[in-house]
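Novice: Model the placement of chains E and P on the given structure of chain F, informed by the hints.
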Amino acid sequence: MTELSTLAGTDSGALKGYNFAFLDEFTKREIRRKILKAVAIPGYQVPFGSREMPLAKGWGTGGIQITLSIIGRSDVLKVIDQGSDESVNAVNIRNLVSRMTGVETTSDTGSATIIQTRHRIPEEALTEDQIMVFQVPFPEPLRTIEPSEQVTRRMHAEQDYSSMWLHLYEDIVKHGKITIGARYPCLVNGRHLMDPSPIPRWDVPRLHRSPVLHLFCAGREKRIYAVPPHTPVEPLEFEDYKFETEDFSGKVCERCGSSDTFLDEIIDDATGDSRYLCSDTSFCEKRQRGCA
Amino acid sequence: MGYVLVKGGSEAIKNAKALVGSLRSAPHIKVSQIRGRLRLSVDQVMGEGGLYAPELAALAIRQSDGDLVAASFLIRAYRSTLPRIGYSETSDTREMFVLRRISSAFKEIPGGQILGPSIDYTERLLDFGERGAVDDDQESGTEKSDIPKFKKVSDLLRASGLLEDVSADDETSGDARDEPCDITRESIRFPAPRSARLQTLARGETGAMLALAYSSLRGYGSVHPTIAEMRVGYVSLRIKHPYTGNDVSVGDVLVTECEGILSGVGATEITADNRFSLGYGLVFGQNEKKAISMSILDGTMRVSEPKTPAEDQEFVLYHIDGIDAMGFVEHLKLPHYVTFQSSLDRIRAVKSEEVGEVSDD
Amino acid sequence: MGRDCDHKGGFRGDGVRDPAFDLIFDSQRIFRSLLDAMANPGRIVTLPEIDIEPPGANRYPLLLLMTLLDHEVSFCVLGGAQTQVTEYLKTNTGGKESRLENSDFILVYGGSSHGLIQRARVGTLEYPDESATVIYDAGSIGDDRGGVLLELSGPGIADKRMIGASGIEENEIEDVLAMQDYPLGLDLIFSDRAGRMVCIPRSTTVEVM
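If you're matching them up, the sequences are chains F, E and P in order.
Using the numbering used here, the letters of the first sequence map in sequence onto residues 1 to 292.
Using the numbering used here, the letters of the second sequence map in sequence onto residues 1001 to 1361.
Using the numbering used here, the letters of the third sequence map in sequence onto residues 2001 to 2209.
One chain only, chain F, in its complex shape (with noise of 0.2 Å):
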């Protein structure tokens, strides 16, 4: 049998027998290449080489691809799961981040200069010095409505976005409202339409000329797209009928207090009734401490 260390190429990673970032090098090439022009061209998907990792598809490969392919020593690494450091699958890729780098890992927001998230972009104010990485399952704002792949890139190609367009009068005229919760279509730089990840509408407003890269991954998929800082990012909407965050009024977390954030509602075994915490875990004890 082969020896792994053999086959897997250099030994400066921190796991003996991989490379520094799992990866090997002519695959964070691609992805860096990949990335490039997804930055060039914002909102716009390109097609790379996804690689399987380990991780279960769906879990987060895309992601920590890009993550893998970016990270070099001098790097922090932030990851959260519906806004936590805790879940158990941001504590996994993590994990597997600094097993297979040593870089330094941290839950604070503000020291991080790579964050990876899945489903929540923190609360937290980000910097220019930052990059945050989505992991996306569904980088096609369109397969809703239309499954052929060939079809949905005619349809970007000529910026037809009629049958989106129809989607949402049609849900307005069946509900009154549009009813899409998470996974909000948005207008990128006025040219590309873009699935912004499953983030909740409460985070979508908070994409627009944001002072932050935003580099998007669906491994699954194999698709990498980009919103670069200061970018126009604009939820599909009518005139008549806006574009909605989720309504919190009137609640507050129960344990910081905070009236302004993205909550978690948790049904009381006891009672039944409905109580409310910070879904962003990290912020929540800053502002517990008062430091935010």
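Be a bit skeptical, because a hint or two may be false.
DMTMM-like, lysine to aspartate or glutamate: derived pairs with alpha carbons at most 20 Å apart [as the list claims (entries may be wrong)]: (1) Lys1351(E) x Asp171(F); (2) Lys251(F) x Glu285(F); (3) Lys177(F) x Glu1353(E); (4) Lys242(F) x Asp1182(E); (5) Lys174(F) x Asp273(F); (6) Lys2096(P) x Asp1182(E); (7) Lys1351(E) x Asp108(F); (8) Lys1107(E) x Asp1120(E); (9) Lys1307(E) x Glu146(F); (10) Lys1289(E) x Asp1067(E); (11) Lys1351(E) x Glu124(F); (12) Lys286(F) x Glu254(F); (13) Lys2096(P) x Asp1120(E); (14) Lys2160(P) x Asp247(F); (15) Lys2096(P) x Asp1067(E); (16) Lys1307(E) x Glu149(F); (17) Lys1017(E) x Asp1065(E); (18) Lys1351(E) x Glu170(F); (19) Lys286(F) x Glu124(F); (20) Lys242(F) x Glu1354(E); (21) Lys1017(E) x Asp1067(E); (22) Lys2160(P) x Asp2018(P); (23) Lys286(F) x Asp108(F); (24) Lys2090(P) x Asp2026(P); (25) Lys174(F) x Asp1065(E); (26) Lys177(F) x Glu1354(E); (27) Lys174(F) x Asp1067(E); (28) Lys1351(E) x Asp273(F); (29) Lys2096(P) x Asp2036(P); (30) Lys1333(E) x Glu265(F); (31) Lys1333(E) x Asp1067(E); (32) Lys2090(P) x Glu2053(P); (33) Lys1351(E) x Asp247(F).
Derived by calculation from the structure, the hints in this document are not laboratory data.
The structure displayed is predicted, hence computed values, not measured ones.
Specialist: Here is chains E and P on its own, set in the frame of chain F:
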């Protein structure tokens, strides 16, 4: 409370992993035992994992407690860490060391039918005598050099002008290239060139391909091939030596190859120039149901106007990958509190609108 | 497809690889500088000092290409010590030399391609990413000692940014701008002798001042 709100995710992961270990109630089995006694599992994992490495496949099967998709996934993930150091030359399966070779198109074929290792022709009775049986070493069989090489049945048909040319078949994509497409290096595009279709099929999950191929045979489609030839055996892989430029053999791989003459139900399907077309299947190891399914799906995806799932390239190629499918179906176990909160917000908003409308009346 | 790379040393060309370049960690550092510059068009980013010894004067554009190229992509060099630089890049990266119209990466010396750039790939509406990235060997970036002065706006720029670069001809800029038809177009990198770099992706609106 939920598995995200509590602190100590790392501890929980460790405990969950330890519990898996505690369910392993019998003594450790050796990798060599898996390789030797569960060889078809090993073959399936090599095929779906896309890496010809019997030893590692056996190790993966043991590590995944016998879950073959999970084992293939371990192999694929490991495969990602291997740099590509070269490309093999084209292997000719006519040069195969044949272990098994059958044709259902002709009773007699040149060289003869060779049943080889197969349980196809035995009764499927659960053998209680096997329980508690001790390993009995099988003799290793005939020397390779004793086995002659065989022409293919399809060669005969092609020589008589009854079969279309192999290269004439990229009508669906218009993508003419010298080198085959490599779906592990570039994301597949549609319409996909045949090389991309075949490569995706070769790595596909056996059960998923079986189901789709069956759907076409049974009624959702019309491809019903006659097997010109299915052979199992060893094929030598050769690469160009980086310094001398000469072909050198880097080893033999066991493969199953199936060539099916495509025909409709009850009637043969004949191309515009009055020839049969061929569906092709080639998979690692001995995996006959997958090789046959592959040849059927190769045929179904060439239909110019797809009407059934098995004829739709995107439907077949996007959904037969076991690692993709398993991961994404199982990701539903991950927390979705945020997205669900977002959906709750919408349904409550719609409901309150309803209530509002009623009270307005 | 390339067949001349080996996993240990990275690449095997005809010559000997430049030992000063660390395939893993230098590539990563340079890439991050490049990503910063591409995400913030017009921002001047300084490349790390790595003492490679390429033929020809300016080593910084070659550091960029040593970070980006491998046997899966193609490149071509226009002007300067064309033949030696091409050999150097082939040896160090395994990248394929190709005709300008097929090249993924184009390195232009002397501040102008003399109109040749118009043949570079700009992508298709379905795959706009299949376009060339063009690296210009610039004299000096960031001051206004002669050369071109450009006003940039668009994604990555909060309001507007002014950027001056010497050693690049205005005609060349005009040629490139005439090709930009968003989302089709070229992505530009200017790399000067002091290690400063500036990117102008196709998403940037450029006014020549």
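Novice: For the pair supplied as a hint, Lys174(F) and Asp273(F), is the alpha-carbon distance within the 20 Å limit?
Specialist: 30 Å, violated
Novice: Verify the proposed pairing of Lys286(F) with Asp108(F), using a straight-line Cα cut of 20 Å.
Specialist: 9 Å, holds
Novice: So if I understand the rule, the pair passes when the alpha-carbon distance is 20 Å or less; does Lys174(F) with Asp1067(E) pass?
Specialist: 45 Å, violated
Novice: Holds or violated: Lys177(F) with Glu1354(E), Cα cutoff 20 Å?
Specialist: Distance of about 11 Å is within 20 Å: holds.
Novice: Verify the proposed pairing of Lys2090(P) with Glu2053(P), using a straight-line Cα cut of 20 Å.
Specialist: Roughly 15 Å separates the two Cα atoms, so the pair holds.
Novice: Starting from Lys286(F), check that the Cα of Glu254(F) is at most 20 Å away, please.
Specialist: 14 Å, holds
Novice: Keeping to a limit of 20 Å between CA atoms, is the pair of Lys1351(E) and Asp171(F) held or broken?
Specialist: It holds: about 14 Å lies between the C-alpha atoms, which stays within 20 Å.
Novice: Quick one, are Lys2096(P) and Asp1182(E) close enough, alpha carbons at most 20 Å?
Specialist: The given pair, whose Cα atoms are some 18 Å apart, holds under the 20 Å limit.
Novice: Check whether the Cα positions of Lys174(F) and Asp1065(E) lie no farther apart than 20 Å.
Specialist: 49 Å, violated
Novice: Please verify whether Lys1307(E) and Glu149(F) have alpha carbons no more than 20 Å apart.
Specialist: 17 Å, holds
Novice: Given the hint that Lys1351(E) pairs with Glu170(F), does the C-alpha gap stay at or below 20 Å?
Specialist: Answer holds: Lys1351(E) to Glu170(F) is near 17 Å, not above 20 Å.
Novice: With a cut-off of 20 Å on the C-alpha distance, tell me whether Lys1333(E) and Asp1067(E) pass.
Specialist: Holds: Lys1333(E) and Asp1067(E) sit about 18 Å apart, inside 20 Å.
The structure fails to meet hints 4, 5, 7, 11, 13, 14, 15, 22, 25, 27 and 29 from the earlier list, while all remaining hints are met.
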